[in-house]
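Asks: Start from chain A and add chain B according to the hints.
One line per chain: the protein sequences are A and B, in this order. At position 123 of the first sequence the residue is numbered 123 (this note's numbering), and the sequence of numbers has no breaks. At position 352 of the second sequence the residue is numbered 738 (this note's numbering), and the sequence of numbers has no breaks.
Hints may contain errors.
[Stated by the list, open to error] Partial chain B-side listing against chain A, Cβ under 8 angstroms, derived: (1) L404; (2) L408; (3) L428; (4) S475; (5) V511; (6) I524; (7) N527; (8) E716; (9) L719.
[Claimed, not checked] Quick look at which bits of chain A chain B covers, simulated, 3 or more residues with Cβ under 8 angstroms: (10) 39-50; (11) 122-134; (12) 173-179; (13) 274-285; (14) 344-356; (15) 370-382.
Since the hints were made in silico from the structure, they are not lab data. No experiment lies behind these values; they were computed from the predicted model shown. The beta-carbon is built from N, C-alpha and C at its ideal position, and this holds for glycine as well.
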Amino acid sequence: MNKYFTKGVILWWSRLTAMTVKELLQLGRDWFLVFAIIFLFTIDILMTGNVRLELNHATVIVYDADHSEASRELIYRFRPPYFRLGGEILDEHEGIQLLDQGQALMMLNIPPNFQHDLLQGKPTDVQVLVDTSNTVLGFLAASYSAQIIGQYGFDAALQRMGVTEKSLENIPMIVDQHRVWYNPNQNDQWFIPITELLTIITVLAIMLPAAAAVREKERGTIEQLIVSPLTPVQILLPKVIAMTLVILVGTAVSLFLVLEPVFHIPIKGSLLLFFAVTTLYTIATSGLGLYIATMSRNLAQAAMLAILILMPMIFLSGAWTPPEAMPEGLRLAMYLSPLYYFIEMGYGILFKGAGLDILWDSLLGLSLLGTVIFTFGVWRFKRQFR
Amino acid sequence: MNLSRIVAVAYKEWREILRDRLFFSLAFVVPASLMLVFGYGLSLDVEHIPFAVVDHDRSAMSRDYLHRFIDSRYFDYKGHASREAELDSLLADSKVRFAIVIPPNFQKNLLAGRPVAVQSLIDGVFPFRTTASKGYVIAINAAFNGELLANYISQRFGISPEQAMALAQPVSVQLRYLYNQEVKNVWSMVAALMMFVLMITPPFLTALGIVREKESGSIYNIYASTITRGEFLIGKLAPYVGISVINVLILWIMASWLFGAPFKGDPLFFFFASVIYVICTTGIGLLVSLIVSTQVAAMMLTVVITIVPSVLYSGLLVPIASMDPRAQFEAHLFPAMYYTDIALGSFLKGIGLEQLWGRVLALAIYAVALWILSYLLFHKRPRS
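So that you can see chain A by itself, here it is in the shape it has in the complex:
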């Protein structure tokens, strides 16, 4: 009895291994596919390092009706890295035209008698026109220019009252001491490549198993597998295992060959935990891929379904856009996305050095969700064999 049992276990595992090897061989034979995967994990992530979400030398044009020392001092405060002076214009109409064409992002409009009013202690208005057709840039430009002009006004007020650097200690004011944690310089080169890596893991974790399963259906090779002594789980699991292995190797490659050496991303937490979480996430998400595979008869259908699931998942899980700003309903739907938990844990481990004591709730969430998704995907797929 016992002997047959061990023999059965060995047979079960050897079949699983054989099928996994078969999946890997099949993948390796497709050169363009291998190229695409390597490209995604290396060059693609490398390219994202050039991308910034920050105001970078935004062009400011100035209409200065005053031409005084005070107005020049104000203009001079709009300088790199955020702003760049794009020259002075002679009338406002010309400025609007430049803004229309996108030649400038912002126009600073200084009224006549600016210096005169300042010296007299009369309030004066500075007009700022911002192109907000790109909301991010418009928002940043408006916020920075309000800061610059506000500071200028504050300085001017102090100066008028004869307050010097030294007597500043006798003015009641709040000195803002902000400290930015985890990414002190707010370096986009740390943030965007990691987000891209998480995105790529998600794309591959859904598409590769879905494609591998649908392909068998489309080509008819599934019939051969059904008549073989393999159980449905032995057919399915190797696909997931093989693709998970590929994704893990890819993640390691991009972490150790791109993220660390090129972008100097600090890895504060435990790498073992990071890879364990990545494995869990990949398997959980591949359940979605298997589910797609059950719904589609050919790859074209599978690809469209994958996009339908992938895109909302990637964009609404809080990596690219702030989840706090989303409408209530979608914010709740976010908890159904495995990527949401993966993002929490991925950044938590890599940047914040968080361990299981802090991340246990996200891990629990991902495990529960993953179990449901994966079981459901496998169940749907198994049902097809009947």
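Replies: Coordinates of chain B only, in the frame set by chain A:
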């Protein structure tokens, strides 16, 4: 070029698409639902930043100061902590993204006319959100400082609070937002979303079309027929371009009616520019399908060529103007960026061919180049 042969291929392809009910409906459902979900959900507004407070002073003034954060729609108050050490774990667990620490003797020092340092801790993991949070903190502090200074002046020089206020804040800023007056994210977002959705779905629709024939072997019928390369490619592509043009109209209607985005430009110009753009994106799918020989590879290569550039290099999330020169150069290599300008210009700025002809030309060149490349890559007599 023989028109009837083109029509024959196009008709055959159309029948094949139509026969696959699921695929046919997905061809329209996917773009519309992406528009719907992103139009409502994709927002870059930084609001409701969760934050916590450590107040060592617990005075009337510190409460007044803190209420400026608590009442702001940019911040979501999550409670008081008693010690700084508690903030560490709250920040590490992402329960809060921002924290303020008010020192002891906050009120006493301010009333005595001394400056006080207030510490704020900001989570730096998401740089854009960090920058925005910092901006809000600075703005709230500046307003508070202005009032402190006005009080101080009015007490010291014995003038009325209004006069003191004018002295303390001599320069006011009048911000005027052009093109998108309420800085409504959704308006600029839906215009950019048209670009995004039309960049992703047509290539996927197309890419698998030809590879499927290659993989199933039915392409040999084409090889053996009298049809020329050009005729086959045009006929094959036509139904997909047709589907995508219908999608342009659907998305356009959604943007205007559902999301209320104003359309200020020339509809005819925008329509033709969109058609050229769609020819470009279907052309990308065509090119992919000619390079690879399996559908899986076609799928992954399309991901590489479309999703990544349309996210990063299109101006959807990341403004092109703020990129460094190398990334800007890379952005110019993809057609997405030009169409974003066209869509934003037509929707929000009301500019037309006069200002945007360069962008349209770039798209047209792109379309022609893709076409020529596909023509050269497609052989009726494959090697081996």
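Asks: For the region 122-134 of chain A, do three or more residues have a beta carbon lying closer than 8 angstroms to a beta carbon of chain B?
Replies: holds (count 13)
Asks: Under 8 angstroms, Cβ to Cβ, is where N527 of chain B needs to be relative to chain A, so tell me if that hint holds or is violated.
Replies: holds (5 angstroms)
Asks: Can you take a look at whether the region 370-382 of chain A is actually covered by chain B? Rule is 3+ residues, C-beta closer than 8 angstroms.
Replies: violated (count 0)
Asks: Hint L404 of chain B vs chain A: min CB-CB distance below 8 angstroms?
Replies: Nearest chain A Cβ about 13 angstroms off; hint violated.
Asks: Under 8 angstroms between beta-carbons, do enough residues of the region 173-179 of chain A, three at least, approach chain B for the coverage claim to hold?
Replies: holds (count 7)
Asks: With a cut-off of 8 angstroms on the beta carbons, see whether E716 of chain B makes it to chain A.
Replies: Result: holds, 6 angstroms to nearest chain A Cβ.
Asks: With a C-beta cutoff of 8 angstroms, work out whether three or more residues of the region 274-285 of chain A approach chain B closely enough for the coverage to hold.
Replies: Contact hint for the region 274-285 of chain A vs chain B: violated, 0 residues under 8 angstroms.
Asks: Tell me whether the statement that chain B covers the region 344-356 of chain A is true, taking a Cβ distance below 8 angstroms and needing three residues at minimum.
Replies: The restraint on the region 344-356 of chain A holds, since 7 of its residues have a Cβ under 8 angstroms from chain B and three suffice.
Asks: Do the numbers back the hint for I524 of chain B, that is, is its least Cβ distance to chain A under 8 angstroms?
Replies: holds (6 angstroms)
Asks: Is the hint on L428 of chain B kept, meaning its closest Cβ partner in chain A is under 8 angstroms away?
Replies: With a closest approach of 6 angstroms, the L428 of chain B hint holds.
Asks: Going by Cβ atoms only, is L719 of chain B closer than 8 angstroms to chain A?
Replies: The hint is violated - L719 of chain B has no Cβ within 8 angstroms of chain A, the shortest such distance being about 11 angstroms.
Asks: Given L408 of chain B was flagged as interface, is its beta-carbon under 8 angstroms from a beta-carbon of chain A?
Replies: holds (5 angstroms)
Figure legend: structure checked against the earlier numbered hints; hints not met, in rising order: 1, 9, 13 and 15.
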